[in-house]
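Protein chains in written order, with UniProt numbering: chain A, 1 to 121; chain B, 1 to 544.
Errors might be hidden in some of the hints.
Unchecked claim - Straight-line C-alpha distance at most 25 angstroms; calculated SDA-like pairs for lysine to any residue: (1) K45/B with F26/B; (2) K287/B with V79/A; (3) K522/B with V31/B; (4) K291/B with I207/B; (5) K23/A with K45/B; (6) K72/A with F497/B; (7) K238/B with V79/A; (8) K251/B with V31/B; (9) K105/A with L93/A; (10) K220/B with G239/B; (11) K248/B with A53/A; (12) K391/B with Q18/A; (13) K248/B with K105/A.
Unchecked claim - Every beta carbon over 10 angstroms from chain A, so not counted as near; a handful from chain B, in silico: (14) V28; (15) R42; (16) F60; (17) I95; (18) L107; (19) V143; (20) L205; (21) Y249; (22) A329; (23) V416; (24) H495; (25) L519; (26) V535; (27) V541.
What the hints contain is simulated information worked out from the structure, not anything from laboratory work.
Note that the structure is a prediction, hence the values are computed from the model and not measured.
By construction, the Cβ of each residue, glycine as well, lies at the ideal position given by its N, Cα and C atoms.
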Amino acid sequence: MATDVPPPEGGIDTRPAQPPTEKFVEVQASEEFAELRRTHRRFAFPLTVAFIAWYLLYVLLSNYAGGFMGHKLFGNINVALVFGLAQFLTTFLIAWFYSRYAAAKLDPRSEAIKSRMEADA
Amino acid sequence: MSAPYAHLQLAATPTSEHRPLIIALFSVFVVATLVITVWAGRQTKSAADFYAGGRQFTAFQNGLAVSGDYMSAASFLGIAGAIALFGYDGFLYSIGFLVAWLVALLLVAEPLRNSGRYTMGDVLAYRMRQRPVRTAAGTSTIVVSIFYLLAQMAGAGVLVSLLLGITSDAGKVLIVALVGVLMIVYVTIGGMKGTTWVQMVKAVLLIAGTVLITFLILLKFNFNLSDLLGTAAKNSGKGSAFLEPGLKYGKTGTSKLDFISLGIALVLGTAGLPHILIRFYTVPTAKAARKSVNWAIGIIGAFYLMTIVLGFGAAALLKPGDIIASNPAGNTAAPLAALEIGGGSGSNGGAILLAVISAVAFATILAVVAGLTLASSSSFAHDIYANVIRKGKATEQEEVRAARWATVFIGAVAIVLGAFARDLNVAGLVALAFAVAASANLPTILYSLFWKRFTTQGALWSIYGGLTTAVVLVLFSPVVSGNPKTSMFKGVDFHWFPLENPGLISIPVGFLLGLIGSLLSKEEPDAGKYAELEVKSLTGVGAH
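Please build the complete structure, drawing on both the sequences and the hints.
Below, the structure is given as structure tokens:
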């Protein structure tokens with residue numbers, strides 16, 4: 001059953017036409033698709049590594065740098081609290097940044113490939 | 001084992017006089033959600049309706065529902081309680097739970113929406129030999145969901161009976177049974193559509209209730225966070241250490257390692273939780289899935305920010321002894337803070353706020369158990385029944401019927417486990433669910449989507465290897481035995497694994513086994529299937 005096109009379930013789930021496997025292989029090898037894949041990976045992979053490293057830095061500092069984290073900045077607000085709030089801030093910023101990037105760079109490229117493949121099928 | 005119950009009488013005191021109000025609010029919620037369920041059930045006809053709510057929800061609606069699915073009793077009551085008792089260390093949970101969403105946003109949500117149909121198994125098995133990988137995906141979905149479900153049910157029994165002031169064992173069993181029956185009704189009748197609406201209603205209630213209490217606490221401190229923190233630190237008896245990391249996890253080298261393990265499990269677990277992943281099928285496109293993650297990050301982030309005020313507020317307003325006396329894990333700190341901020345025990349304001357927060361907690365538990373039950377019964381029906389047992393020849397009606405029966409079965413299992421396992425360590429179970437999801441599911445999801453050489457053998461080694469390692473390590477950890485105060489089984493000690501959370505070991509094992517299993521595989525990866533999956537996941541060609 002390796003190259004059957006759609007999964008064999010019956011049903012009334014409306015689905016657009018499924019191009020044959022050869023078509024997918026052809027598109028996957030195309031320069032246009034390679035460009036889309038690069039555009040996604042170039043952004044998502046380094047950013048994932050970066051936010052996990054930033055988060056782990058926070059975890060490790062909490063564990064092993066108590067003095068630094070306990071340093072009071074103003075009133076009872078210490079470095080640990082500000083660092084924690086900074087994790088919230090970076091999460092919001094990365095989400096916003098990715099969405100902007102995806103709308104500008106990924107969506108037009110994937111739309112173009114999708115509409116051509118579905119028109120051909 | 002009797003410790004949590006010895007104090008129930010104490011906690012019931014402020015509650016019992018207002019029980020009619022609490023019961024009235026619970027009833028309003030139950031009736032309203034049942035009406036929604038019946039209405040949703042009338043519109044549930046096809047398999048896509050039952051599994052994916054007809055894929056007609058908007059990004060905002062799904063973002064709300066995702067938040068409702070994710071913010072469990074553990075995050076609402078557990079985090080507020082952990083902050084109230086351990087100060088800053090409780091806040092660390094919030095951060096891990098939130099940052100985790102970036103993994104889902106950047107790597108998982110959109111490709112999953114583009115290439116899958118109803119379950120996590122759709123994506124895991126896409127390139128692989130269907131039957132073995134679907135069996136593995138179904139197994140890990142059900143294991144993760146049952147652990148998560150068990151934690152919610154155990155929490156529900158203790159918590160709701162506490163809030164209602166029910167102290168007899170029979171009464172508690174009755175409450176667990178009630179929660180189980182309601183959840184079976186929501187899922188069998190309403191399917192994904194009904195469950196989604198229940199989760200949306202719950203998210204709105206939870207946010208509204210949290211905003212109200214946060215506002216009142218801040219008002220009391222003239223919106224001066226520094227004052228609030230100072231009062232909390234002083235009142236806790238621990239001074240400025242209360243505002244610094246280390247009170248809970250900083251004691252020994254082992255507890256510090258445990259903290260790293262927990263941190264990794266939290267951040268990598270979310271994107272492998274089946275009940276969260278299937279939510280992305282309820283929107284029409286990958287773009288809508290992305291937007292719903294953004295809404296969820298905004299809503300969940302705002303909520304976790306408020307838990308800081310809630311937790312430190314409880315520490316500032318209440319005596320630490322009272323929080324522990326009411327529930328040793330601090331689970332009732334938020335409701336007690338609501339009672340106090342409304343005017344204290346015996347006042348009308350306090351009674352109303354306590355009733356509101358209790359009803360919100362009840363709604364939270366119900367919505368989360370419904371989502372978990374739906375995820376496991378969907379996976380049973382779609383992955384195991386339709387594709388393994390019936391080899392893809394089941395009709396849509398047969399599949400949905402199997403899902404409904406699976407719901408009744410899983411609901412019954414949850415009632416039995418919940419009734420007999422009320423003393424289990426709730427936090428340990430939730431963290432275990434995250435660790436198992438990160439060890440067994442996430443590696444296979446990522447390899448499937450992004451690694452060309454990944455094979456069926458790699459997927460099976462990774463899922464079963466990650467699952468087994470995580471479960472075995474927990475079995476022989478202090479969560480299960482060896483700790484006289486917090487272990488599930490007290491008085492015996494067969495533990496040899498020092499950490500409570502297995503993530504530090506089991507997550508790398510899951511990833512490594514996927515790698516080694518694929519490289520040692522005699523079978524060539526199916527290049528055609530990988531082309532289909534890769535092109536679909538990035539473009540949405542032929543997406544349902």
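Verification of the supplied hints:
1. Proximity of K45/B to F26/B is assessed by CA-CA distance (about 30 angstroms); at most 25 angstroms being required, the pair is judged violated.
2. Simply put, K287/B and V79/A have alpha-carbon atoms about 37 angstroms apart, too far for the 25 angstroms limit, and the pair is violated.
3. Between K522/B and V31/B the alpha-carbon distance is near 57 angstroms, which puts this suggested pair outside the 25 angstroms criterion.
4. For the suggested pair K291/B and I207/B, the alpha carbons sit about 19 angstroms apart, so the restraint of at most 25 angstroms is met.
5. Pair hint K23/A plus K45/B does not hold up; C-alpha atoms about 34 angstroms apart against a cutoff of 25 angstroms.
6. Under the criterion of a C-alpha separation no larger than 25 angstroms, the hint pairing K72/A with F497/B is inconsistent with the structure, at around 37 angstroms.
7. Of the supplied pair hints, the one linking K238/B and V79/A holds, its CA atoms being roughly 18 angstroms apart against a limit of 25 angstroms.
8. About 48 angstroms separates the Cα atoms of K251/B and V31/B, which puts this hinted pair outside 25 angstroms; it is violated.
9. The suggested pairing of K105/A with L93/A holds, with an alpha-carbon distance near 18 angstroms, which does not exceed 25 angstroms.
10. For the suggested pair K220/B and G239/B, the alpha carbons sit about 21 angstroms apart, so the restraint of at most 25 angstroms is met.
11. Between K248/B and A53/A the CA atoms are separated by roughly 23 angstroms; this keeps the pair inside 25 angstroms, and the hint holds.
12. A threshold of 25 angstroms between alpha carbons decides the hint, and for K391/B with Q18/A the separation of about 21 angstroms falls inside it, so the pair holds.
13. The hinted pair formed by K248/B and K105/A fails the criterion: a straight-line CA distance of about 45 angstroms is larger than 25 angstroms.
14. Listed as a non-interface residue, V28/B keeps its Cβ farther than 10 angstroms from every Cβ of chain A; the least gap is roughly 34 angstroms.
15. With a least CB separation of 17 angstroms from chain A, R42/B remains clear of the 10 angstroms interface cut-off, as annotated.
16. Here F60/B stays apart from chain A, with its beta-carbon at least about 14 angstroms from theirs, past the 10 angstroms limit.
17. Distance check for I95/B against chain A: the nearest CB is about 5 angstroms away, which does not clear 10 angstroms, and the non-interface claim fails.
18. The beta carbon of L107/B sits about 6 angstroms from the closest Cβ of chain A, which is not more than 10 angstroms, so the claim that it is off the interface is violated.
19. In this structure V143/B is separated from chain A by more than 10 angstroms, as the shortest Cβ-Cβ distance comes to about 24 angstroms.
20. Non-interface status of L205/B relative to chain A is upheld: no Cβ of that chain comes within 10 angstroms, the nearest being about 23 angstroms off.
21. For Y249/B, the non-interface assignment is contradicted: its Cβ lies about 7 angstroms from the closest Cβ of chain A, within the 10 angstroms cut-off.
22. For A329/B, the non-interface assignment is confirmed: its Cβ lies about 21 angstroms from the closest Cβ of chain A, beyond the 10 angstroms cut-off.
23. For V416/B, the non-interface assignment is confirmed: its Cβ lies about 33 angstroms from the closest Cβ of chain A, beyond the 10 angstroms cut-off.
24. Interface exclusion of H495/B from chain A stands, the closest Cβ pair being 23 angstroms apart, more than 10 angstroms.
25. Non-interface status of L519/B relative to chain A is upheld: no Cβ of that chain comes within 10 angstroms, the nearest being about 21 angstroms off.
26. At roughly 5 angstroms, the least C-beta separation between V535/B and chain A is not larger than 10 angstroms, which violates its mark as non-interface.
27. The Cβ of V541/B sits about 5 angstroms from the closest Cβ of chain A, inside the 10 angstroms cut-off, so the non-interface label is violated.
The structure fails hints 1, 2, 3, 5, 6, 8, 13, 17, 18, 21, 26 and 27 (numbered hints given earlier, in ascending order).
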